[in-house]
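Participant: Sequence:
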Amino acid sequence: MADISFGIFVLLFMVAVSLFSVRAAWLHWVDSDRAPDAATHRYSTNPSVIRGHERGIVALAGWLVSMTIGIVAATVAAGGAGPAAEAVSVFFILGSSPLLMLHATIAWFNWPKFLVPPHRRNETGSAIEWWHHRRDLRAATREAGQRDTRGQHSTDPPTQG
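Its first residue numbered 6, the sequence shown is counted upward by one per residue in the numbering used here.
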């Protein structure tokens, strides 16, 4: 009996998380003020990562819904529903993997654009931002390396002193 109640709890939890993610994806898509702010969850301090997850919320919600359907079908199949329920379970669980990869692609590269909320389509991806930041740091380090110990640029005439 404890296994059944735990299974029901897990299924209800998955359904609740899926419904929350679909609502969040919808609110982000329509650029609502009521959209949940990913920064409040404090899973990252990098604003680029937070914006990336908010851009990819549609694919993430699709992944959660697909996994929930697959888990529900697997639970039904374990109860003896037959091979059709097993096939549905396998289809949705394996089919959710590309959605998770789409979420990562949207967060990192902001592509494909049709899955990005319209107001975020002009942003660059997190990986592109990281690359530009890295390039700027290397340029600043190279410029600092060209200065001598007195803080003068190597092309400046030396001071007498």
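A hint or two may mislead.
Cross-link-like lysine to aspartate or glutamate pairs, in silico, DMTMM-like; alpha carbons within 25 Å at most [unchecked claim]: (1) Lys118 <-> Asp8; (2) Lys118 <-> Asp42; (3) Lys118 <-> Glu128; (4) Lys118 <-> Asp36; (5) Lys118 <-> Glu134.
Keep in mind the hints are simulated off the structure, nothing from the lab.
Participant: All hints, please: hold or fail.
Facilitator: For each hint, the structure was consulted:
The straight-line distance between the Cα atoms of Lys118 and Asp8 is roughly 43 Å, outside the 25 Å bound, and the hint therefore fails. As the CA atoms of Lys118 and Asp42 are separated by approximately 21 Å, the hinted pair is consistent with the 25 Å bound. For a cut-off of 25 Å, the pair hint linking Lys118 to Glu128 stands: about 10 Å separates their Cα positions. Restraint check for Lys118 and Asp36: the C-alpha separation of about 16 Å stays at or below 25 Å, so the hint holds.
Pair hint Lys118 plus Glu134 holds up; C-alpha atoms about 17 Å apart against a cutoff of 25 Å.
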